[in-house]
Amino acid sequence: MGPSGSGKTTLLQLLSGLDTPSAGRVEVAGQSISELGERERTILRREKIGFVFQFFNLLPTLSVEENVELPLRIAGRSLKDGRTEVERLLHQFNLVDRRDHLPSQLSGGEMQRTSLCRALISGAPLLLCDEPTGNLSTKAGEEVMRALRHCREKEKRTILLVTHNVRDASFADRVLLLKDGQLVPDAELIGPGLSAASIHETLERHGI
Amino acid sequence: MLALPLAWSALKTRPARTFFSIFGIALGVATAIAILTLDDSTVANKVERKTETFAKVDLEVRPADPAMPAPEAFSKIKNTPGVENVGTFLFTSVQMRTAAGERGFPGLVALDVVARTSPAFDAYRIAKGEDLPDVENPTAPACLLGAELAEQMKLVENDKIMLTAPRVAVGNEKMCVDGEWVEASKAAPRREQDMPPPLEFKIDGILDRYHLGKQSGGSIIIIPFSTLPQVFGERYGSPMFWISKSPKVTSEELKTALTPTFAYNVDRTALIGESADERAFRNGVRVSGVLALLLGLFVIFHTLSMSLIERVREIAILNSIGATRGQIGMAFFVEAIMIATVGAGLGIGLGLGLARVFLLAGFTTLGRVGSVQAFSVHWPPIIAIASTGLAIAMAGSIFPLWKARSIFPARVLAQRDLGRPADLFRGMNFFIFTILAVVLPILYFFTVPILGEQSRETARVMVLGGMLFLFFLAFLLLAPKALAWVCSKISKPFERLMPLEGFLSARAMVEGIPRVATSAAVLALVGAALITIKGITATLRADVASLGETITTKVFVGTEDPIPRSRVEEISKIPGVVGFEQLGAEINSPFLIYGLNSHDAGQIGLFKDPARLKKFEEAESLILSTPLARSLKIEIGQVVPVAVPSGPPARMRVMGISDDFGFFPPRREYAIVSSRWMKQFYCFSQDQTTKLAVRVADGVDPIAVATQIQASLADFPKLTLKTGISYRDYELEDIDRDFRLFDLILLLVATLAGVGVLNALLLAAYERRKEIGVMKAIGMTRRQLAGTVLVEAATTGLVGGAFGLLLGLAFLFLVTDALSRLTGLPLRTIIEPLWLGTAFAGAVALAVVAAGFPILRANRFNAAEAVRYE
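Listed in order, the protein sequences are those of chains A and B.
Start counting the first sequence at 2; every next residue gets the next number (the working numbering).
Start counting the second sequence at 32; every next residue gets the next number (the working numbering).
In case anyone wonders, no lab produced these hints; they're calculated from the structure.
Where hints are given, some of them may not hold.
[As the list claims (entries may be wrong)] Some chain A residues near chain B, calculated using beta-carbon distances under 7 Å: (1) Q14; (2) L19; (3) R46; (4) K49; (5) F52; (6) F54; (7) T62; (8) E66.
[What the hints assert, rightly or not] Capping the alpha-carbon separation at 27 Å, the derived lysine-lysine pairs in DSS-like fashion look like this: (9) K81(A) - K664(B); (10) K645(B) - K722(B); (11) K664(B) - K279(B); (12) K87(B) - K109(B); (13) K9(A) - K49(A); (14) K81(A) - K523(B).
Computed from a prediction, not measured in an experiment: that's the story for all the values here.
For every residue, glycine included, the Cβ atom is placed at its ideal position computed from N, Cα and C.
Build the full structure now, drawing on both the sequences and the hints.
Printed below as a string of structure tokens:
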């Protein structure tokens, strides 16, 4: 967690290899991505990382199902083989009825759930979520957070989520605070079962 | 003012788009201006050469029947449709005596009032003194003197001279009567006392050394036509008539209207660049100009329309903070003006530069010649073309302006997606179709009219061609679903080979079908132009090659001094020679006629049949070359009047149409009659000749025979020898050389098409910048991204190439048919698979190459930036 401009999104982009650090090293799954070329970073992102964005970033010309399938296509994997997984995710996230709809025909929650399916389809062990509820209503935000909890518990994925939202942070096993591009020392909170009040209090204590 | 900074920032922040838009319009305008200037300079250059020693005359004719009185001939010509001005003139010699007793025999030109005073003829200019009075029958005889004559005789204006018919020539005057030269005095007794006495003329002015003033080396006198009888009596010979043509008719139509009552002098009267083949060539070049302009303007149209998609959020924000729709629309308008003004300005400079370079390199609109010095710049049409470009470009801003009015800011700002581009593009292609395919050609052809627009044939080609063009563009631009279906079918194989790239590009094409349609249309037009031009070249080459079949066994001999018959017979004895055509006897009466001794020609073609041979010799009959028969629309069995000097026209029946004999390079419109009739009507004997076509036996090397002929005629200093093969090869090279101009224009047009496709793909990449960023974020590699753009480009190229093939073939058949009718050449459309393949592959290659820069730019898009913000 951190205030605007603290470097949350930059951190995710550095971790995903979308951006490169001006100093220091970035390691993901034991691999130093700072030393990788652009192609290798892209492959790493494709295989190891799933992205969920605040603004969904669905391809407007593709249907829900096609958006979900997109990473399979990019990875050159057979759609036939991935069919079961696509169906499972669409069922899991309650999108079966919306599979042929274009993003512009979906609600915010549906769009973000589609985005989540897209992040999960490739089987990436790490999910990077950039304020996934930031653009959603409270109800839709809760739906998305429940879906993320499912990913963590049932799908056994590691989720790194950046947020402003204390309620979202309370779902986490571990909360770190970021301020002016630095981790705030002694501000780490360990879950599960973190309460919103304790997170709030920690934030206030560090002037965030 | 809000519009200016907005437009300026839009241009500044997209330098590539700005550059290619300006480049597109500049190259389009430049090509059109270069073509116009090239054509003007070509004609100016030819006019300069042609009129060096003569007046400005479109057609010079004389009655086929020499007995026709001059006033009757004048009246008939005057009443012929398409004749704007007619003047009577006669060129002869006269005997002159000055007051000091000096004698001379200068040339004499008698002109009627029209010929003297009409600026259309521009016959002479006065250096000193005054012009002749502008009256039909002057009270006192007056004349104008050539500068050289005045200097030589020390005469000045207002001096007096005596003129009389040259009595010394009376005894020598002869005329042909039934094959015999008879003394004119015997043919029609003429006594010394019949001759009028010398007549005194006052010198009104001295001529400038210009046009008629240069005739006879300046030793010339001009008198009013009405005074001729006072000098020559009633026997001053048949005058000629100068005609200036109305722009409403073609020279062919005028000639057809005047034939057979009048014969025209081919060498002097061919209109500059106005003969059928020249006109067809120049019209082809002119049509290329509208194609270039269309492609150039397509680029800016696309840029302006696409910038709407790109800036829809900006428009919504501006609107939400209080900018009126008018202010927003004005930004598009100002952007269009800025691009178009710079583009059109650069286009003028580039166009004039291109024209100059083409001319210096010898490229003209009448074929490839040596370096051309004349550089004629006509500013009004140049400004008109640049203004057309500017106006059409500004019209291009109307579509986004109109669309911008329909954007609801609340919807755009609230929506997470900005709507499908196809929705915003709806109607764009109809707009492009109307402005570029309908309005632009109308404006262009108003400025650069098609030559001979009154010709039914030209009109037919233009109407059919225009309909084809519109039908084809209408399908591409106005039937998006049909085109999307075609694209999806074409991209299927790509999907199998490259599933991701095929899938994404197919989707992008369906969404951006207007973009694909316009790019495919551009490529198709270039492909069609290539197929048409190369097809015409191949067709004309095939025609020359077919002529070559009849002359490859011939050796053409030309001399300045006549070759006596005995020497010709020596040549006929050279081993391998099977016959010869002695073509020294030729006359324009009213078309080119050669006299031929059929027994010399050998048993070929029509002469294999003894009955026909007999008919040719004995009946008053002639054989027409195929081009002449087609040009005069005469068929076998018809009767053609042929002017004969000693009486009424002979009525010759056409007994055959053949190119087997009589041809002597380069004129292909001719007739042949038996040498008997040349002797009978014109007293041309076969005793000597200056033109000879020697036929060699099959399998004999014509070059070896030519060498022997050269040895045999070594004493003729100005001997020219040309084998039929070398003539054919020269003509084939000539066609290739002439059509190089089209190659250059095609290169410019292909460049424009490439810029158009590049611009479209680049704008599409900008439009999909966010999508591209997202795909990169979720693992798409550079290669996959490049593949996606390439598959779209290749599919567009395939669609464009396929349509180009169909359109090109349709145009080719249309144009060769029209050329065949207009020129009288028996053309058969030749389709060369090489050029079909080149056009098709070229369209694909052009699209793929054009994709290079957009791919480069797309790969540079920052994925982190793209996914960060909405």
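Hints versus structure:
1. Q14: Given a least distance of 5 Å, the restraint on Q14(A) holds.
2. L19: Cβ of L19(A) sits 4 Å from chain B, so the hint holds.
3. R46: Given a least distance of 5 Å, the restraint on R46(A) holds.
4. K49: The hint is violated - K49(A) has no Cβ within 7 Å of chain B, the shortest such distance being about 10 Å.
5. F52: Holds - the Cβ of F52(A) comes within 7 Å of chain B, reaching about 6 Å at its closest.
6. F54: holds, 5 Å
7. T62: Interface hint status for T62(A): holds (5 Å vs cutoff 7 Å).
8. E66: At 13 Å from the nearest chain B Cβ, E66(A) fails the 7 Å test, so the hint is violated.
9. K81(A) - K664(B): Distance of about 72 Å is beyond 27 Å: violated.
10. K645(B) - K722(B): Measuring from Cα to Cα gives roughly 25 Å; hence the hint holds.
11. K664(B) - K279(B): holds, 22 Å
12. K87(B) - K109(B): It holds: about 18 Å lies between the C-alpha atoms, which stays within 27 Å.
13. K9(A) - K49(A): Holds, at about 20 Å.
14. K81(A) - K523(B): Satisfied, since the Cα-Cα distance of roughly 18 Å is no more than 27 Å.
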